[in-house]
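Protein chains in written order, with the working numbering: chain S, 1 to 255; chain B, 1 to 236.
Each hint should be verified, as a subset may be incorrect.
[Claimed, not checked] Simulated restraints, written as ranges between beta carbons of each label pair:
hint	chain 1	residue 1	chain 2	residue 2	range
1	S	F24	B	D86	51 to 61 Å
2	S	R145	B	G105	31 to 41 Å
3	B	G56	S	E71	21 to 31 Å
4	S	E71	B	F207	53 to 63 Å
5	S	A237	B	T5	32 to 42 Å
6	S	I245	B	S8	50 to 60 Å
7	S	A237	B	G37	38 to 48 Å
8	B	D68	S	G232	36 to 46 Å
9	S	Y160	B	G27	55 to 65 Å
10	S	L205	B	N87	38 to 48 Å
11	S	A148	B	S21	36 to 46 Å
12	S	I20	B	T195	35 to 45 Å
13	B	N6	S	D225	31 to 41 Å
14	S	I245	B	S55	46 to 56 Å
Since the hints were derived computationally from the structure, they do not count as laboratory data. Owing to the predicted nature of the structure, the values given are computational and were not obtained by experimental measurement. Yeah, the Cβ is synthetic: ideal placement off N, Cα and C, and Gly gets one too.
Below, each chain spelled out in residue letters.
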Amino acid sequence: MKKIIKYVLVDIIQNRIVLIYTLFLLVTSFSVFSLEDNSSKGLLSMLNVSILIVPLVSLVFSTIYVYNSAEFLELLVSQPLPRKKIWLSLYTGLTAALMLAFLVGVGIPLFVYEPGLTAVLMTMSGLFLTAIFVAIALLASVKTRDKAKGIGIAILLWLYFSILFDGLVLFLLFQFADYPLEKWMVGISSLNPVDLTRVMVLLQLDISAMMGYTGAVFKDFFGTDLGRIITGLFLLAWAIIPLWISTRLFHKKDL
Amino acid sequence: MIIATNVSKRFSKLQVLDNISLACNVGECISLIGPNGSGKTTLIKCILGMVMPDSGFITFNGKNILHDWNFRSQIGYMPQIGRYPDNMTIGNLLSMMKDIRNHHGELDEDLVFAFELNSMLQKKMRTLSGGTRQKVSAALAFLFNPNVLILDEPTAGLDPVATEILKEKIIKEKQKGKLIFITSHVLSELDDLVTQVVFMQEGKLVFHKSIEDLREYTGELKLNKAIAKIMVKQTV
Chain S
1 MKKIIKYVLV DIIQNRIVLI YTLFLLVTSF SVFSLEDNSS KGLLSMLNVS
51 ILIVPLVSLV FSTIYVYNSA EFLELLVSQP LPRKKIWLSL YTGLTAALML
101 AFLVGVGIPL FVYEPGLTAV LMTMSGLFLT AIFVAIALLA SVKTRDKAKG
151 IGIAILLWLY FSILFDGLVL FLLFQFADYP LEKWMVGISS LNPVDLTRVM
201 VLLQLDISAM MGYTGAVFKD FFGTDLGRII TGLFLLAWAI IPLWISTRLF
251 HKKDL
Chain B
1 MIIATNVSKR FSKLQVLDNI SLACNVGECI SLIGPNGSGK TTLIKCILGM
51 VMPDSGFITF NGKNILHDWN FRSQIGYMPQ IGRYPDNMTI GNLLSMMKDI
101 RNHHGELDED LVFAFELNSM LQKKMRTLSG GTRQKVSAAL AFLFNPNVLI
151 LDEPTAGLDP VATEILKEKI IKEKQKGKLI FITSHVLSEL DDLVTQVVFM
201 QEGKLVFHKS IEDLREYTGE LKLNKAIAKI MVKQTV
């Protein structure tokens, strides 16, 4: 398995896109932190960058990468290697490369400018988001044979998780404004990993005071250690379940 | 050695393999013949475990291949269209395969030298012509001294010189008592190689006969004439 991961990693590094992604993150982080004199604002900007960019790059890059390695996968499948290992190695290689890019591009600047619990949480959530969206990308690409369709699905998924979901939640909130939905919102937000990480990090910042009663309910849950552990478990499930389904599908796939 | 039992495969509406049963033993050289789209490649991919049959099962040395992946270390496979990672060089590819296969015995690099691949190790796979790609595929299939060789259209796209080299290599391996599986349209090339003929049509296995039986049955010496005669008989 190590050998396949090695070949995947070498291939990704030769690809240079991940390098550009790292540089982009680095430039963004340093410019955000040196432009904003208010540290909280800087962190908020970084949060928005990582919540929008990380899922997008993880999804689209991984989907395209899987389609482009069709030949590589075909070659490996005809060799004495279990399919599960091939697929998990591909996942590990992709996740490792993208996580490294995030650590260098966002993690290091965070710890340079704003060391503390918030920096740890933000780095962790970025890493989680990478793992989750690579897993979702793998699921999308193993299910569809057509490359254009697969990439389209990846982009739609990104739109859903980053934009549409919030719209739906807002719609629900307005429709049921007469009912006390604060506690439900905690449950609903766990349906979207992007929201989970966003809420978890936001509550660490001062602006959480402006979120009203829902914010208070959120703080009761996400602000505690138990809440954070449960959130972590949910995020883990968001990565493991798609990965598990995609491994099963790949196991039965005709190549 | 390889036994397929009632293997069926359907790609959406198309029945590609229809209840195929086949037994192959060591030392045989089996030629898989049939018109385009008769399911030859799919059958081969089923044997390799690259395509999962809808029903039926395949055993390799008595073990169901569904639960076993290590059997592929005894197979050398040359695909019909060799598809390799574009930005790898021939050298990268060869060393990667050696690395992955974890082969302990002796390597068989005859074809690497015979096809002069060793002089173009720096060439990227994407820049190779179809024929050179075929040469790489062939060299890889023989590289690890496998007991079973599965060659899907081995001579398609090769020039006459390369075809001769490959043919000689196949004969040499056959004499070592290996099981060799060849699919091909060009029948005359195989005349002096094969011991068994499997004929497929529309996903069905029409017959599986030894070459002597076939000659007796049709009264023809040449394989292509014998097959032609049977195909005519089928359509009448």
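Do the hints match the structure? See the list:
no. : hint                        : verdict
1   : S/F24 - B/D86: 51 to 61 Å   : violated, 25 Å
2   : S/R145 - B/G105: 31 to 41 Å : holds, 38 Å
3   : B/G56 - S/E71: 21 to 31 Å   : holds, 29 Å
4   : S/E71 - B/F207: 53 to 63 Å  : violated, 35 Å
5   : S/A237 - B/T5: 32 to 42 Å   : holds, 41 Å
6   : S/I245 - B/S8: 50 to 60 Å   : violated, 26 Å
7   : S/A237 - B/G37: 38 to 48 Å  : holds, 45 Å
8   : B/D68 - S/G232: 36 to 46 Å  : holds, 38 Å
9   : S/Y160 - B/G27: 55 to 65 Å  : holds, 59 Å
10  : S/L205 - B/N87: 38 to 48 Å  : holds, 44 Å
11  : S/A148 - B/S21: 36 to 46 Å  : holds, 40 Å
12  : S/I20 - B/T195: 35 to 45 Å  : violated, 57 Å
13  : B/N6 - S/D225: 31 to 41 Å   : violated, 59 Å
14  : S/I245 - B/S55: 46 to 56 Å  : violated, 24 Å
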